[in-house]
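Chains as they are written, first to last, in the numbering used here: chain A, 297 to 631; chain B, 297 to 631.
I should point out that these hints are in silico values taken from the structure, not numbers from a laboratory. Hints should not be assumed to be uniformly reliable.
Just so you know, same-sequence chains aren't split out, so a pair can sit in one copy or run between any two.
As the list claims (entries may be wrong) - Within a straight-line C-alpha distance of at most 30 angstroms, the following computed DSS-like cross-link-like pairs (lysine-lysine) qualify:
id, residue 1, residue 2
1, K313, K583
2, K477, K583
3, K441, K466
4, K313, K505
5, K612, K380
6, K502, K380
7, K313, K502
8, K477, K409
9, K466, K477
10, K598, K441
Number of protein chains: 2
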Amino acid sequence: MAAPTVNRQILLAETPKGKLDQSHFRLIEGSVPVAGEGELLVRTRLVSLDAANRAWMQGATYRSAVEADSVMAGGAIAEVVESKAPGFAPGDLIFADTGWQDYAAIPARSATKMPKLDPMSHLLSVYGIAGLTAYFGLLRAGRLKDGETVAVSAAAGSVGSIVGQIARIKGCHVIGIAGGKEKCDWLVRELGFNQAIDYKAGPIFKTLKAAAPHGIDVYFDNVGGDIFEACLFNMNLHGRIACCGAVSQYDGAPSPHGPRGVPGMIVVKRLSLQGFIVNDYDDEREKALTDLESWVASGQLKVQEDILDGLENTPKALIGLLAGENRGKRMVRVA
Amino acid sequence: MAAPTVNRQILLAETPKGKLDQSHFRLIEGSVPVAGEGELLVRTRLVSLDAANRAWMQGATYRSAVEADSVMAGGAIAEVVESKAPGFAPGDLIFADTGWQDYAAIPARSATKMPKLDPMSHLLSVYGIAGLTAYFGLLRAGRLKDGETVAVSAAAGSVGSIVGQIARIKGCHVIGIAGGKEKCDWLVRELGFNQAIDYKAGPIFKTLKAAAPHGIDVYFDNVGGDIFEACLFNMNLHGRIACCGAVSQYDGAPSPHGPRGVPGMIVVKRLSLQGFIVNDYDDEREKALTDLESWVASGQLKVQEDILDGLENTPKALIGLLAGENRGKRMVRVA
Chain A
297 MAAPTVNRQI LLAETPKGKL DQSHFRLIEG SVPVAGEGEL LVRTRLVSLD
347 AANRAWMQGA TYRSAVEADS VMAGGAIAEV VESKAPGFAP GDLIFADTGW
397 QDYAAIPARS ATKMPKLDPM SHLLSVYGIA GLTAYFGLLR AGRLKDGETV
447 AVSAAAGSVG SIVGQIARIK GCHVIGIAGG KEKCDWLVRE LGFNQAIDYK
497 AGPIFKTLKA AAPHGIDVYF DNVGGDIFEA CLFNMNLHGR IACCGAVSQY
547 DGAPSPHGPR GVPGMIVVKR LSLQGFIVND YDDEREKALT DLESWVASGQ
597 LKVQEDILDG LENTPKALIG LLAGENRGKR MVRVA
Chain B
297 MAAPTVNRQI LLAETPKGKL DQSHFRLIEG SVPVAGEGEL LVRTRLVSLD
347 AANRAWMQGA TYRSAVEADS VMAGGAIAEV VESKAPGFAP GDLIFADTGW
397 QDYAAIPARS ATKMPKLDPM SHLLSVYGIA GLTAYFGLLR AGRLKDGETV
447 AVSAAAGSVG SIVGQIARIK GCHVIGIAGG KEKCDWLVRE LGFNQAIDYK
497 AGPIFKTLKA AAPHGIDVYF DNVGGDIFEA CLFNMNLHGR IACCGAVSQY
547 DGAPSPHGPR GVPGMIVVKR LSLQGFIVND YDDEREKALT DLESWVASGQ
597 LKVQEDILDG LENTPKALIG LLAGENRGKR MVRVA
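Bound conformation, chain A alone (with noise of 0.2 angstroms):
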């Protein structure tokens, strides 16, 4: 094989102010870059979606936020072609921030080796981010018990769709919340949640309501806003709260105010709300990895992956993302 010579990468042009665009973006032809002492030179396979990648053109979270005129961040599993550090060979596979583009050179110790699976996807939704955010966050975050009646927003999502299910395995009675009646159906017929509820067809209090008579016990937030809102006024006492994400907040101006009942609710009810990156529990990832590969190989859990191909279509999927097109893990297959 020739080496590689030109680099595409995809910039974050402009940071949006409102919803994010395609112009917001630009492709260029860069260079591929050279591997320094301690790196290495990977190729980009699979990329990441996650709303999250919108969250970082906001500020600085729990990472730094990207800036205008960078290669757009982004996770990804990514294959090493040169290493200049120990313990990693070309022809490996690894997890790492790549970014949007075909090469990146990246420090080894920013670099998680990954196992060789078929297909290579799973490494990306139920053993990547997203099993493992679903899992931690509702065993861990929310404490979960058997047979309690759970709710998950963003439920046809990525992460969702792993937490409505990981709940079903343990005898929960299971709720999910999602945009339209096509996701909903494919929710209770195919992932076997006991209930789905379409927030586009309207305010859902009392949907909600009516579908947890004796309240949410545990509610697995993806999402902020309102359905955090009417989520929060169905809990029961010492209900718990894993707080995910807010992905209703990342697009677009944030709302000026956040959900009423915050913090008079969370008395009355002595609701506990954790909020919780997945990398918070690594201790106990190979314990999780265990469990989600028991329950795959079982038929329990079922893997739902949205891939696109092509890296140039990487803005695209993710600003599809946003507006919840796709169902289960969202990735761009680049190499």
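Given the coordinates of chain A, assemble chain B onto it according to the supplied hints.
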């Protein structure tokens, strides 16, 4: 002593829509009730005034709402006049929800026998709901660790003034938030707070940031609203917010929205919010009282009480408390 014949009672004449004032109350002279089987006839001695009294008028919380034209509800220290229940005798002191009246007939099971202390008022302040709420809220809900940075709102109030002092005893850096320079000076000079911020002097976000340059680890929230928001944005990673009350939302039309950054900031900083009421920790009551007594005995914990005289002044006492005119635990001496 001749048998009492008149029972002064203060009714909630009307459920307030906006700010509470005297017109919402009415004093009537009723008859002294008769204790039935299993009941106690008690004489009210000291009525406890709490911001929660106002919240009860808004609807069901952890108790049912106080309805218009009924005796205003409220906890009090009372003396048993007649007992038709085993375990209680005339002269015993109890704590119960007697309501705002001279005499009440109450089921013995809803009365808690109290030791005879001098001064009796300590049963409502440091060894009562205020002291225990501060203790459990800070140490259990807030999971305080020695040496952390703590912020507390309504810091000159019954709960807040004890929260700050306990945090100092635990070697923490304590920032109080209170209304007015005089209260703030008192918090620092008399109670040993490290700093105090006057929220009436302007928005507190920047002052708070300057007071806690390394961020806040535990915020004890008594007020909700804008102060909650300012603290939320100054929290450290893995900070904890003990949600005790939301007095800013009780008196007047409740704000249509909650603070910004909920739940977004909860994720970014992996905060824990824990709503609680003092009864959630009944099992550990003895240990708490032992600690509080030893701190009072050693002079590390100063007891601040604010006692008014006369049942007829109870409405004024509550209205004033909601306006922030008290320091420490407010109560009304009835007999």
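These are the hints, each one checked on the structure:
With identical chains, the CA atoms of K313 and K583 are never at most 30 angstroms apart, being 41 angstroms at best within one copy and 54 angstroms at best between copies. In this homomeric assembly, K477 and K583 never come within 30 angstroms of each other (Cα to Cα): the closest approach is 36 angstroms inside a single copy and 55 angstroms across copies. Taking identical chains as interchangeable, the C-alpha atoms of K441 and K466 lie at most 30 angstroms apart only when both belong to the same chain, with a minimum of 8 angstroms there against 34 angstroms between chains. Taking the shortest Cα distances, K313 and K505 sit within 30 angstroms of each other only across copies (27 angstroms), while inside one copy they are farther apart (36 angstroms).
For a Cα distance limit of 30 angstroms, the shortest separation of K612 from K380 qualifies neither inside one copy, at 34 angstroms, nor across copies, at 77 angstroms. In the homo-oligomer, the alpha carbons of K502 and K380 never lie at most 30 angstroms apart, since the shortest distance is 59 angstroms inside one protomer and 47 angstroms across protomers. Taking the closest pair of Cα atoms, K313 and K502 come within 30 angstroms of each other only across two copies (25 angstroms); inside a single copy the shortest separation is 34 angstroms, beyond that limit. When the C-alpha separation of K477 and K409 is checked against a cutoff of 30 angstroms, the pair qualifies neither within a copy, at 40 angstroms, nor between copies, at 58 angstroms.
In the homo-oligomer, the alpha carbons of K466 and K477 lie at most 30 angstroms apart inside one protomer (26 angstroms), although the nearest pairing across protomers, at 55 angstroms, exceeds that limit. Taking CA atoms no more than 30 angstroms apart as the test, K598 paired with K441 passes inside one copy only; the shortest distance there is 22 angstroms, against 43 angstroms between copies.
This entry does not satisfy hints 1, 2, 5, 6, 8, going by the numbered hints stated previously.
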